[in-house]
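K.L.:
Listed below, chain by chain, are the residues.
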Amino acid sequence: MTHNSHARRYEPRKVTPKEDRVATSAMIASLAAEGYDTEAAPFGNALVELAKTRPEIVGLSADLAKYTDLHIFANAMPDRFYQMGMAEQVLVSAAAGLAREGFIPFATTYAVFASRRAYDFIAMAIAEENLPVKIVCALPGLTTGYGPSHQATEDLAIFRGLPNMTIIDPCDAVDIRQMVPVLADHNGPVYSRLLRGKVPAVLNRYKPDYQFTLGKAQMIREGRDVLMITSGFMTMRALDAAERLAKDGVDVAVLHNPTIKPLDRETILAEARLGGRLVVTAENHTVVGGLGEAVATTLLTNGVTPTFRMIGLPDEFLEAGALPTLHDMYGISVDGIVRQIKGWV
Amino acid sequence: MNEQSHPAPASNVSLERRAWNIRRKALLMGEVQGQGYIGQALGIADVLAASYFHAMTHRPADPEWEGRDRFLLSIGHYAIALYAVLMEAGILPEEELETYGMDDSRMPMSGMASYTPGMEITGGSLGHGLGIAVGMAMGLKRKNSDAFVYNLMSDGELGEGSTWEAAMSASHHKLNNLICLVDFNDQQADGKSTEMLSAEPVVPKFEAFGWHAQRVNGNDLAAVVAAFDAARAVTDDRPRVIVFDTTMCKGVPFLEQRDITHFVRVEADEWSKALAVLEEGKPA
Ligand SMILES: Cc1ncc(C[n+]2csc(CCOP(=O)(O)OP(=O)(O)O)c2C)c(N)n1
Ligand SMILES: [Mg+2]
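Protein sequence lines correspond, in order, to chains A and B.
Just so you know, my numbering puts 288 at position 288 of the first sequence, and the rest follows in order with no gaps.
Just so you know, my numbering puts 82 at position 82 of the second sequence, and the rest follows in order with no gaps.
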C-alpha cells in the first residue's frame, strides 16, 4: 500500500540561470512597485478616523494586525482592540458576540483563513443572524508567492454562496479609504478583501470625483470596442491594459465593480446592452464562482448575449514563486490582459 | 516493515556539528533570497539535528521508504530550516541550495509536499500538522508498523482549536507512536505568544489531555537528546509531546540581541557577517 494519490512531481525541476532568477515576493501584497501614487495603510487610518466619532466600533485580529494595517487602530485605540491570537474561529465567533452586544466589530486575518478556516462560524454565528460584523482580509487571490496555503483564490466564490453577505473587492487606496464608513453604516455582515501597506491610489487619477458606493459599478474609462467589467486590483491592471490597447486602436471601457454581492445588475445590463462590444470580465480569483460567473448569469438570465470572455485564475492549486512571474503565467498581469484581449478582438 | 530498531544512519559527525551545519545552510539560503525565516531556523536547528541524526529512522536515498519515521512540518514557514536539515541528511542535494525560494526551485518559501523530497505534508496553513499526524499514527498502527510520527509545530499553533481536537483524539486513540515537537520561541506574527493568546501552562495542558509531556531548553543539545530518548522510551499508550524553549536567531549573537520579531530583518550586508560570526563558533 503506497500513498501516491496526489501528484508528487518533485523530479529535479528546470534550474533557471542565476541571472534570470526571480525571488519570491513573500507576504508583500503591496502592488506599489508599478509607478503609481500610493497611500499608507488606507484601511487602518480610515478606521481610526471613523472610530473617533463611532464609539461602537471595535477591532479584532487573529495574529495578523500588523499584516492587515489594523495595528494602526490597535495603537491609536488600544482599549478598543482585541488581539485574539492565531485562532480564526474564535476571532469571528467573538466578533459575532460583540455585535450581539451592540458593537460594530472589524475583524481581520488573511483571506484564506477567513474563507476556509472560519467559514462555518461566519455562516452561522454572523451571516445567518445578519449581524453587522465586518471581516476585512489581506492577501486576496494571488497576492503572495507562498503557494496554495496563502493564496485565497476562491474566497469570493465561498462567500457568494452565503446569504446576507455583502462582498467587496476594492481596487485601491481610494476605494479602501472611502469604503470603511460605508461598511460601518451597512446594517449587516460584510466580507471585504484588502490591500495593505503602501497601496496605490488610481481611481481618482482617472475620475477625480470618484466615490465608492455600496452596490454600484462605475465607469472609470469609456471605450467603444471592449467593455471590461473588473474588480479589485484587476481594475488598475485593466486601466493600464486599456492604455496599451488604445495604441493598437482597440478602445476599451473599464467598468469597475467593487461590490461583488449584491451585484449591480442594472448598470452591468445597461452597459452590456450598448451593442457591439466584446464583454470581458477580469478578476484576481478563480474563474469558478467569482465576478465572471456572476456577470455571465446576469447577462444570460436577462437575455443579453454579447460575445463574452473571462480573465481570471485557472481552476487549479497555483504554483509558488515570484508574483510577477505568477501573474504573467496565469494571465492577470497587464501583459496577460493585453495578450488575451488581442486574441479575442 | 518493522525496521524501527535501526538507528538513524550511523555517522561520526557530532550532533553539535550537524546543528552548526544546519544553521550555516539556512544562512546561505537566507543570503540567496535576501530574506527568510532565519530567526526560526537558527532557533530550531538543534531540535532538527537531534531529530534527523539521533532519533529518527530514515533512509536518505529513499525518502518514501515505508519503514521511515514520518516527520511532518506543520509550520510551513519553517521550510528553510527543514531544507537545511534535508540537505545535511543527504535527502536534498546541496547544490540546490542556491535556488531557495526562486522560480522553478524545488524549495519554495513555504513548505509544499509536492515540491520537495522529504517534505511529508503541505503545511503553512497553521494548525494542520497534528491532525494529519493523528491519522498517520492510526494508519501505521493498522499496518503494524512501529515507525513513529513526529509533528513539528509552533507555539502560535497552540492557539488553533484544531490542535486541541487532535490532542484529545491522539490520547483517546492511544497513539503512543505519535511524538509532537513544539517550538516554544515565545513569538508569533504580532508579538510574543505569551502576551497575545497564552497557551501556558503548556505541559499541564497536554497532561490534562492525556499526553506524556516534557519541557526542555531546545538549544541545549544534551537536554534535547535526552528528551527524545525519554519520549521514545515511554512504555504506556500515551502520545508524547516535547515542548522546546528556544531562542530565535540562536548562534548569531548580534541577531539574537536584535529586537526580535516574527520576520527578523537582516540587511543585505549582514548575511556574510552572520556567517562569519557563526564560523567563529564552529564545533569540531
Ligand atoms: C491558520 C493560519 N493563520 C494565520 C497564519 C499567518 N501566520 C503565519 S506565521 C504566523 C505566526 C504563527 O505563530 P508561530 O508559528 O509561533 O510564529 P513564529 O514563531 O514563526 O514567529 C501567522 C499568524 C497562518 N499561516 N495560518
Ligand atoms: Mg512561535
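Hints listed in this document are in silico derivations from the structure and should not be mistaken for laboratory results.
There could be a bad hint or two in this list.
The calculated lysine-lysine pairs, modelled on DSS-like cross-linking and capped at a C-alpha distance of 27 Å, are [stated by the list, open to error]: (1) B/Lys205 / B/Lys141; (2) A/Lys198 / A/Lys216; (3) A/Lys198 / A/Lys66; (4) B/Lys174 / A/Lys198; (5) B/Lys192 / B/Lys143; (6) A/Lys66 / B/Lys174.
Just so we're clear, the structure is a prediction, and the values are computed from it rather than from any experiment.
K.L.:
Against each hint, give a clear statement of whether it holds in the structure.
P.N.:
Results of checking the hints against the structure:
1. B/Lys205 / B/Lys141: Roughly 26 Å between the alpha carbons, so the hint for B/Lys205 and B/Lys141 holds.
2. A/Lys198 / A/Lys216: Status holds; Cα separation ~26 Å.
3. A/Lys198 / A/Lys66: holds, 13 Å
4. B/Lys174 / A/Lys198: With Cα atoms ~51 Å apart, B/Lys174 and A/Lys198 exceed 27 Å; violated.
5. B/Lys192 / B/Lys143: violated, 41 Å
6. A/Lys66 / B/Lys174: Violated, because 40 Å separates the two Cα atoms, which is more than 27 Å.
In terms of the numbered hints stated before, the structure departs from hints 4, 5 and 6, listed from lowest to highest.
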